[in-house]
Amino acid sequence: MATKKIYLYPLWLRIWHHMNAILMLSLILTGISMQYSNPDYPLIRFDIAVSIHNISGVLLTLSYIYFFVIILFTSIGRYYVMGQGFFKSFLIQARYYILGIFRGEPHPFPVNEQRKFNPIQQISYNIVQHAITPITLITGWAMLYPETIVLNVFGYSGIMLTSLLHVIAGFSISVFLLIHLYFITVGHTVASNLKSMITGYHEIHVDDEEDIKTNSDKKTKH
Amino acid sequence: MIFDFAGKKTGIKYYLIFGILPLLFAAFFSVSADKTENQFDDESLKCLGCHSSPRYEFKDTVTGDVVVRKMHSELQIDPVEYINATHGAFKCTDCHSPDFNIHPHPASTRFEINYNCLDCHGGDDMYASFNFETIEEEFLKSTHASHMGEGFSCWSCHNPHIYKLSDKEIGQLTNRVARNNAACLTCHGDVNNYAVLIEKELPDLLISHDFLPNQSLHFRKVRCLDCHAANNDSILVAHHLLPAEQSVRKCVECHSTNSILMASLYKHQAYERRNKLGFYNGVIMNEAYVIGANRNYYLNVASIVIFIMVIIGIAIHATLRYIHRRNNNGY
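First to last, the protein sequences are chains C and U.
Counted from 1, the first sequence has number 62 at position 62 by our numbering; the numbering is strictly sequential.
Residues are numbered in our numbering as their position in the second sequence, beginning at 1, plus a constant of 222.
These are calculated hints, taken from the structure and not from any lab test.
All values derive from a computational prediction rather than experimental measurement.
Yeah, the Cβ is synthetic: ideal placement off N, Cα and C, and Gly gets one too.
Some hints here could point you the wrong way.
If you only want the chain U side, here are some residues facing chain C, beta carbon under 7 angstroms, derived [to be verified]:
no.: 1; residue: 513
no.: 2; residue: 546
no.: 3; residue: 549
To spell it out: a stretch of chain C is covered by chain U in this simulated footprint if at least three of its residues, at any positions, have a beta carbon under 8 angstroms from a beta carbon of chain U; those stretches are [what the hints assert, rightly or not]:
no.: 4; segment: 25-38
no.: 5; segment: 60-73
no.: 6; segment: 82-90
The task is simple: from the sequences and hints, build the whole structure.
In structure tokens:
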């Protein structure tokens, strides 16, 4: 099988990604430890969990702002744009994950220089990066300075609502992380995606591109 | 003349509507007004003539001159606060010596021994629910009583002229906490008052509590005694003040579903463990939010179900992929 390597994940991006992963993990673990704190079975001692959670939250905010600026002002932002016909592409990708992957069909939207994310990756990264993460960061900062929170919202405590939003958003990120970790294995081989995120090089399988062309030709003939 | 709406004599009905009922209403309201509003008697008003002001005047009995002096802040009484306080119905000489009616006050008044709570409330059936005897026992075990002995009494914390029994009221938690903590800070936040009680340097509360995240929030939302006193189920407010080293320092003692705050700060409202919306210790959330103590039962269940479903989904997907790969490789 003909393959070629492209340098898709530069060092700074890998460092950012892995740092994010470590911070998110530490936030999730310390968050769970605080939310389900129990004197008899402490996961992490409460005060230590609070400190780690606060420090990680501040670092994650800086890391978020850094990458947000990059998305806004560099060509990397194009990977996140969900163009015309997105819904159709999304369904094709979903069909692949539900059926095609078990039949040995080629990836419908393989990685290349122009397209780093498939449609499902695009929408999930957009939701997590541009909706859920900002919610956790804003509510997290609000709880770091609780005097800034509105005391009463329609009869409910503002702090309680902020905290609920924070916990729900944090939980959603932990679910994303779980699926994200599993999808490491859904590359050309089980380890190929992991390898790419370590070395920065992504292996492009020329056959994949040709298979997709053939498949789409077949569909149009029918 | 008897007025008749329908042109007929109504008799008893008429007297009932226009005579007896208004009288009963008037009597009811006059009684309730007497019950709720305390009033100063003439004797007490005379005392307040000097004691409600930062300065007072008296006539020098030798020279006959009128002398103006500064009223010590501890001897100043705020009439509004006093009249609304728990003991606001008393006149000054109910608790103080009648010698105070002499001006200038004679030297004997300087050696007056103040009443303590038990002097009036001890063995009093009317106030049995307060368990004043247990309060006294608990107080005698406290670090205040053991370190300062006779120098420390009920009045050291509970200013009798402003003391108000309000811990049962729901709402305004911040005000209740501030009022409670103000009693502690009278000495623990004031070098001079602290020095009067003990020959020791006043510890800096901000430094000694620097382990608390969001320190100011803790100070505003929790009473000092919630961490610094041992709870006793038979009294409403803990009086067994503990030495610093025995006080609560573990966060999880409050930040967990078995939060000790439910046995102290929220004792009066702690009739429910989980409220209708599924929050543990829901009563806290009327006025605050305590991480770890206010988790939600339904969200807990939903999150566990979602997590398990995701893991099962991943496991099925991975297994199917493995089977496909095995078949393709001809195993």
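- Message: Is the listed coverage of the segment 60-73 of chain C by chain U valid when you require three or more residues with a beta carbon under 8 angstroms from a beta carbon of that chain?
- Response: This one is violated; 0 residues, fewer than the three required, reach chain U with a Cβ under 8 angstroms.
- Query: In terms of beta carbon proximity below 8 angstroms, does the segment 82-90 of chain C have 3 or more residues touching chain U?
  - Reply: The restraint on the segment 82-90 of chain C is violated, since only 0 of its residues have a Cβ under 8 angstroms from chain U and three are required.
- Message: When I compare C-beta atoms, does the segment 25-38 of chain C have three or more residues closer than 8 angstroms to chain U?
- Response: Satisfied; 5 residues make the cut.
- May I ask you to test the interface hint for residue 546 (chain U) with respect to chain C, counting a Cβ-Cβ separation under 7 angstroms as satisfied? holds (5 angstroms)
- Message: So, as I understand it, the hint says residue 549 (chain U) touches chain C; can you test that by seeing if any CB pair is closer than 7 angstroms?
- Response: violated (9 angstroms)
- When the nearest CB of chain C is found for residue 513 (chain U), is that gap smaller than 7 angstroms? Because about 5 angstroms separates residue 513 (chain U) from the closest Cβ in chain C, which is inside the 7 angstroms limit, the hint holds.
Comparing the model with each numbered hint stated earlier shows that hints 3, 5 and 6 do not hold.
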